[in-house]
Amino acid sequence: EESRAAGDAPNEAAALNTLGVILARRQRDEEAEAAWRRCEQVAREGGDRRKQASSTNNLGLLRMRRGDLAEATRLLEGSLAIEREIGNRPGVIGSMIALAEVQSRQGRDDLSVDTYRDAIRLAREIGLMYALGICLNNLASIHARAHRLDEALATYGQALELKREMGDRSGVATTLANCAIVRQVLGDMAGAVSTLEAALSQAQVQRQTRVVAAILEARGNLAWVVGDFDAAIRDLTEAVAMDPGRGGSDSRLLKAVSLLAVGREVEARAAAAGLSPDQEALFRASLGEPESVSLVLSRPPEPDQTGMLWSSIAAAAGRTDAVEGIRGMLRVLESRRMLGILWRVRADLAFLTASREDAARARAEVAKLAAPLPPERRATLEAHPSIARLARAGL
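Just so you know, this note's numbering puts the end of the sequence shown at 395, numbered straight through with nothing missing.
Hints in this document: simulated from the structure, not taken from any laboratory. Do not take every clue at face value.
In the DMTMM-like style, the derived pairs of lysine to aspartate or glutamate whose C-alpha atoms are separated by at most 25 Å in a straight line are [to be verified]:
| # | residue 1 | residue 2 |
| --- | --- | --- |
| 1 | 368 | 150 |
| 2 | 368 | 230 |
| 3 | 368 | 304 |
| 4 | 368 | 358 |
| 5 | 368 | 334 |
| 6 | 368 | 151 |
| 7 | 368 | 188 |
| 8 | 368 | 382 |
| 9 | 368 | 197 |
| 10 | 368 | 357 |
Given the sequences, and given the hints that come with them, work out the whole structure.
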């Protein structure tokens, strides 16, 4: 108000921009938007192109957070154009990073990859290391989602090296956890375990609660995959307790089905409270409820952890009508070399088709994954319910 009364446009714009940031952090989005729009106007009228670009970028980020991706794109493209016009290369990189995130959320991953690569080239050129680390991490995440797993691991490796050089311990922990998840999907269970332990040590030293929770969640997911259900329950319980926001992820579902696996049905039902409708259907199908089994199996399976649960539900229910869905999922997993998931789906297929050949292949895949693991974890994996089911069926 003092700057406005004095006709001091630069200070007024700076104050409005800062006010918008404070309001946005407090989730007061409408007030933040009003402050940034006023900042944009004052900066434009005063010829302060840098402040105009900054406020426009902030408005784009706010729109992205609120899910208005079309308007976010328009605003971020506008801020990028201004930053380029005035030659503010750090600002160009910042707008590119935000724009690439919007493009990824819109499902335009190819365009997002190109935008990140442009930002990476510029960040390396001017030595903006922090921004480079963000770009590399985000690019690796896109590769992982697109199942370009070798590219994801290589890009995370570049990010990890950079964060170590910068002394960014929290960033090191997060990147290690991401590497571990990719290793797990590729079937490097031992590598995933050791990488998660290294990540957890880093995060605990930094006392980064949310990062620790994310790593515990990843470790719990790995424990569930290999059939160490008690460990899965411990880690997933702690992850959700440390960061309640994680309850909306698959962690609550995996905790509930892990409790079922060790015969703790009452606790499993309590853990399943608050699941999304799709997650609840998977849980109820895991209980063997016929209607839920039919509902779950009426939908095509995804080649991921929920797909593993899908095939297990089909096998437990003896639903041979799910065989073609499992075969389709298996083909996708094979083409993507998702060895950490492949064995379990193949075991469920072998059970439903009474195929000794597939049963032998599933056991061989499990033995290969288990060999580098510590003895107790190796034994757990080799005795996984999907493998034990084959033995009971004489396969």
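Cross-check of the supplied hints:
| no. | hint | in the structure |
| --- | --- | --- |
| 1 | 368 to 150 | holds, 19 Å |
| 2 | 368 to 230 | holds, 23 Å |
| 3 | 368 to 304 | holds, 20 Å |
| 4 | 368 to 358 | holds, 15 Å |
| 5 | 368 to 334 | holds, 16 Å |
| 6 | 368 to 151 | holds, 23 Å |
| 7 | 368 to 188 | holds, 10 Å |
| 8 | 368 to 382 | holds, 10 Å |
| 9 | 368 to 197 | holds, 22 Å |
| 10 | 368 to 357 | holds, 17 Å |
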